[in-house]
Amino acid sequence: MSTPLARPKRKNPLVRTRLPLLPQGARSRTAHGLTAAAAEGRFMLQVCKDCGHVPYPPRDACPRCLSAQLAFNDIDPNGRLIAETTIRVSTDPYFRERMPWRVGTIKLDAGPVIVAHLHGDTVEGERVKLALKLDKSGSAVMLALPAQETPHMQADPHLREMTCDPQYRRVLISDGRNAVGQAMAKAFSEAGSSIVFVGIADPWKPFPNQAELSRIERVEIVPLDVTDTESVTEQAAQNGGRIDIIVNTAEHVRPGGVIERGNLNIARDEMDIRYFGMMRLAQAFGPALRFRGADGVNSAAAFVNLLSVHALMNWPAYGANSAAEAACLSAAQCMRAELRPGGVKVLNAFFGPLETEWFQAVPPPKLVPVALAKAVVAALKDGNEDIFVGDIAQDIRERLKTNPKALERELGSH
Amino acid sequence: MATTDLLAFANAVASGAIRVIDLTHTLSPEFPTIVLPPEFGQCAPFRLEQISRYDAKGPAWYWNNFTVGEHTGTHFDAPIHWVSGKDLPDNAVDTIPPQKFIAPAAVLDCSAEAAENPDFILTVDFVERWEAKHGRIAPGSWVLLRTDWSKKSLKDYPGLRDDGAHTPGPSPEMVKWLVEDRDVHGFGTETIGTDAGQAHHFNPPYPAHFYMHGKGRYGLQCLTRLDQLPPKGAVIFAAPLKIKQGSGSPLRVLALVPA
Amino acid sequence: MPRQPTARYSYDGVVACQPVTVPYVRYSPESAAWWIGRALHQLVAQSGLRSQDLDGFSLSSFTVGPDTAIGLTQHLGLSPRWLDHIPLGGASGVVALRRAARAVQAGDAALVACVGADTNHVDSFRKTLSTFSRFAQDAVYPYGSGGPNASFALITRNYMNRFGARREDFGKICVAQRDNALSVPHALIKQKLTIEAYLAARPIADPIHLFDCVMPCAGAEAFLVCREETARAQGWASVRILSTIERHNAFPDDPIQIRGGWAIDAGEFWAMAGVRPDAIDFVETYDDYPVISMLQFEDLGFCGKGEGPDFVRSHTLTNDGSFPHNTSGGQLSLGQAGAGGGYLGLVETIRQLTGAVLGSQVPNAKIGLISGFGMINYDRGLASAAAVLARSA
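Chains as they are written, first to last, in this note's numbering: chain D, 1 to 414; chain F, 415 to 673; chain W, 674 to 1066.
Hints may be right or wrong, so weigh each one.
Okay, derived cross-link-like pairs now, DSSO-like style, lysine-lysine, Cα gap no bigger than 30 angstroms in a straight line [stated by the list, open to error]:
{"hint": "1", "chain 1": "F", "residue 1": "K658", "chain 2": "F", "residue 2": "K566"}
{"hint": "2", "chain 1": "W", "residue 1": "K978", "chain 2": "D", "residue 2": "K107"}
{"hint": "3", "chain 1": "F", "residue 1": "K566", "chain 2": "F", "residue 2": "K500"}
{"hint": "4", "chain 1": "F", "residue 1": "K471", "chain 2": "D", "residue 2": "K205"}
{"hint": "5", "chain 1": "F", "residue 1": "K656", "chain 2": "D", "residue 2": "K205"}
{"hint": "6", "chain 1": "F", "residue 1": "K569", "chain 2": "D", "residue 2": "K205"}
{"hint": "7", "chain 1": "F", "residue 1": "K569", "chain 2": "D", "residue 2": "K366"}
{"hint": "8", "chain 1": "D", "residue 1": "K405", "chain 2": "D", "residue 2": "K381"}
{"hint": "9", "chain 1": "F", "residue 1": "K514", "chain 2": "F", "residue 2": "K471"}
{"hint": "10", "chain 1": "D", "residue 1": "K186", "chain 2": "D", "residue 2": "K374"}
What the hints contain is simulated information worked out from the structure, not anything from laboratory work.
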């Protein structure tokens, strides 16, 4: 039975901060098929297209029929834990300071034998469920979980190490002025974050639900304007050392294509709020996040980007906006590499039109802000790094996989 | 001084008895800016983005957003701009006492020398010969270097070659002397930079910036129409934008001269 | 499933001789090439040959990179007409013997030096583990980085659950080996081991404890393969090869390893040797973990599958006992000099059969069995090999 997580004590300011170490992240290219699955919270293995065999570890020819048709498929994650060991000595610096560490051999119902990390509630000889998680190195690993959910499962040290659970962590919501920011504040408070900092720019401009926002438990309103480098730097100087998760909710949604817009003013705002805003947050808060990646129970854990799914394929009706989102996506990929030495994740949450003002004329299906917030919290708890929230986002993702050019035409015909 | 004297001054300006000469280049996107080595941060050129012009974006009005660097076009340098002035009191454009924005000017004509030699260096000697003709430079005066450089085409104006800029400027000794022996208000030029184009080779490098700002004095650059000013007697209005902790700003520089 | 024996060509006319051991050290700043050079130097000195006489060279070494055997020919001044590089870990010695013997039989080479050697820098072990194989990188090392200790812990645990082996059974193997090592001057571990100390030792990866683990070190082992008539003419004591087998990636569908390749070819092994298991005077098994020694007893035919614990309980494994096993102490006492560990047993077999032991002699040793195993690629050792050697007349 996992012991419930205790609320962490105040950090001793006289003690050196433990520096982040990473387990070995090197993988063959083929094995990164597991990383792609883990990023989205899926369980996938190679399945031989010619003979149906399910080999593991990932490889480049079927050991039964030598076929090279070994694409990754979703697969039944259930199996039995047939042997376990508790490792107490390791040559690797990361594991050395995390001993003892339990691993075991699982015989999957789908066929292969898999060496995996073991959740504390798994029992040798009993049924388990495997999951693919991104460890601190950013590469996928197998984690065996108990077949049925157990109390306080999230508190297991192996699982917490591979996820970004908001419980007892301190969160910064960069913009509380909009519906998404407010939904995030509520969702993180309910998820057990010990402080939810909510940034508000231009305090002299009133906004809807201002009073309700301040009343959410453990919310602290702070001045933050992502278009103002000085504001972002100042906020990072004051609170950067005690912020573990950043959710960038700053938004600027305006319709219009690249030619159709007519001038550059909205585009300037778009880029300043979305792309440069993200860059200001990254530059001001990034170094401290990276430094604190191994700093105890409430270590720095994640930077969350909320991106239009049209960052992946432009929607000309909101074409200039799509382009700014694409810039943000590329920057997020860069940040992933820059934050990885600290074991800090970058979660990209892609979504389609929202049930908010600037998408008013867009027909359904649209996503309500509360649903987006819930999905982000769930993704952090699972340690995912790419999620597609809502029907439109998932539809776009599927169409991109099969024929991006057709999608380009379909979106361009609206 | 009585109120009537100020009113008389205003009337004189309105009637033309006192002429107002605009020493300012128009802020436009083509105006050259200073260029630093690519590894360093660069000064932003002037750019204008129209918001609306009596159209769907704003039916009854015309207005723009602009971006510009603090040291673009005709501009003012505050002491905080240079490392030698960084710790002086009241050293930023928002803290300089406002009375400092009005001061007389001595105008040194080196146009002939500059026409012949783009690397002309102004020396103590030259100034003493000027003073022999026009009298000692009064303390608290701007010293403006007239080179007629502002009459050059935009292409020739920066004077850039493959070893940097070749434009006239003061020698280190001359600037030091202006500050210590003549207690000047500041130094102004028609070129990009109060220092000569090759001043990075001087000792100290960029002496006009080093000595002027190090002693809490000011700079004016990219001035024009200095040829319309008398050697002495003009009064300069040069008030930079009140930018929070600003190191300088583009501004309107006006010279008042008797008609 | 054991297969039907096929007719195998005998090793008549070929022998192994000139056992060489370069004493092990825990850590060495020297390169693998240095250790290989020491082995060849000793081989040449004790045989009376010149290095230029060696026309065949077989090398096994984990730390010789970026070189392989070919680089060492120039480094060490050899110009062989037959060359091999065998990266099979604990099976390297027997496999080197198989390859060299056929080459000499066929006339492709006449004097083949076989060397297993590795250096051990302070970070050699960690670096070797982290890049050991693609499957280890992708599917083992990220899981606690416990190295082979963790992998064999799972195998040991499964074997104990399945066949009722107890820690005391493994301990008996380790204690006996340590007794056999007490007289070997260069053994890295010199103290007597009691079963109490074995059981009380600190856990490494449950159920493996400290004395189940070999100590990585630097060292070298070597031997010479040549025609029997050459050995006689030179006055070298030698051993004949009665039979050999090798098998890799055997039983891939066993969920956890409980048997090795020997089980498939055991019938052919004994048929070719022309003797039965009870004719063997001493056995050298690959002992990186005592559970594997038990698998070798079973799969080579000394007892049935799962009868390993009983077999150990009912025999004495010291050199004066009923089943002399790992007669110089095995890697568990001497240390594991990388690929040298795959040669250790074979060189000791030659020593026992030619009276050239460094420690204690098994009385009247005429026939010996040497078994090799190794290369944990993912979750099991892939390589296996074995040979029966006999004192030359």
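Fill in: Which numbered hints fail
Per hint list: 1, 3, 6, 7, 8, 9 violated.
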